[in-house]
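A.B. asks: Sequence:
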Amino acid sequence: MGGLIVESGVTNDRYIKAIQTKAGDLRVVHHALTYAVTDPDASVNDSSNDFFLNEYAVGKNADKYPDGTGKVLEGDARVRFSFHYHSIGEEMVDRTDLGMVLYPEGEEPEKVLYSRQLGQAGELDIPAGQVTRHDGYATLYLPGRITGFQPHMHFLGKRQCLELIYPNSSTEMVSCVNFDFNWHIVYNYEDDAQPIYPAGTKLHVISFHDNTEAHRGNLDATNWTGGGSRTLDEMAFGWISWYDYSDEEYAAELESRADNNNNN
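Be aware that the sequence shown starts at 6, since it is given in the numbering used here, and climbs by one per residue.
A hint or two may mislead.
Unchecked claim - Listed below are the simulated DSSO-like cross-link pairs for lysine-lysine, each with C-alpha atoms no more than 30 Å apart in a straight line:
no.	residue 1	residue 2
1	K207	K69
2	K207	K116
3	K22	K116
4	K207	K22
5	K22	K69
6	K27	K116
7	K27	K69
8	K116	K69
Honestly, the hints are just simulated from the structure, not real lab data. Values in this document were obtained by computation on a predicted structure and should not be read as measured data.
Construct all of the structure, not just a fragment, from the sequences and the given hints.
C.D. replies: Below you can see the structure in the form of structure tokens.
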């Protein structure tokens with residue numbers, strides 16, 4: 006693990022249309038996270054007050070945001086790189102890059118987009134020879150609209166589902182996808198299929214891990230596996246991209262979708 010902070014080259018507030026964190030040496034880069042840093046006294050290893058920009062994980066390409074949305078990059082913000090390297094037993098040199106496509110200077114998107122890891126499962130207990138389920142939750146305090154979903158697990162990851170639990174206790178399963186550690190894929194919803202939700206909705210991330218010999222990604226089905234930051238440990242959460250609505254915007258979108266359903 007390690008990190009560094011560099012200048013962004015941006016002096017005025019700008020908005021990001023597309024972004025990619027591109028790993029240098031694929032043999033050693035497990036993941037790389039990038040953040041916008043606005044605190045001039047920020048510590049190189051503390052991203053708690055930063056604005057998350059982008060993630061590289063194995064097999065991931067660029068993120069292109071829906072039309073009319075974008076992430077903010079404040080003027081004079083610096084960029085933090087946070088690395089997770091995997092040892093291969095020899096000294097290496099890595100150069101990981103961050104590329105951004107920006108809106109023209111002075112142009113703002115209709116909606117500011119956010120991305121964050123949500124629905125982190127608690128302690129992971131994955132016995133040898135078993136398939137396990139782990140549940141994580143996050144409360145969405147404002148109404149909004151989900152634009153993308155990216156599962157995150159490690160070698161034993163098998164499948165992940167995203168469910169919304171509404172304030173009236175009804176539920177909606179919005180996505181279930183298979184998982185392959187070699188392809189960290191962002192699933193971007195079509196405009197008319199982007200899940201919308203009222204304030205107080207709970208996000209429910211359901212992760213399945215397969216610690217059996219039948220799972221081709223399993224290096225040793227005779228070993229117990231738990232949670233941790235090493236590649237051989239496991240994780241269970243979703244990267245969620247969304248933007249917020251006002252109560253009035255949510256009500257209008259809900260009515261519009263109901264009308265469209267009635268006309269189809």
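A.B. asks: Checking one constraint from the list: CA of K207 to CA of K69, max 30 Å. Satisfied?
C.D. replies: Holds, because 26 Å separates the two Cα atoms, which is no more than 30 Å.
A.B. asks: For K116 and K69, compute the direct alpha-carbon distance and say whether it is at most 30 Å.
C.D. replies: holds (14 Å)
A.B. asks: For the pair supplied as a hint, K207 and K22, is the alpha-carbon distance within the 30 Å limit?
C.D. replies: holds (28 Å)
A.B. asks: Regarding the pair K22 and K69, is the alpha-carbon distance no greater than 30 Å?
C.D. replies: Status holds; Cα separation ~6 Å.
A.B. asks: Take a quick look at whether K27 and K69 sit within 30 Å of each other, Cα to Cα.
C.D. replies: holds (14 Å)
A.B. asks: Holds or violated: are the alpha carbons of K22 and K116 at most 30 Å from each other?
C.D. replies: holds (11 Å)
A.B. asks: Taken at face value, is the distance from the CA of K116 to the CA of K207 at most 30 Å?
C.D. replies: Holds, because 22 Å separates the two Cα atoms, which is no more than 30 Å.
A.B. asks: For the pair supplied as a hint, K27 and K116, is the alpha-carbon distance within the 30 Å limit?
C.D. replies: holds (26 Å)
Of the numbered hints listed earlier, not one is contradicted by the structure.
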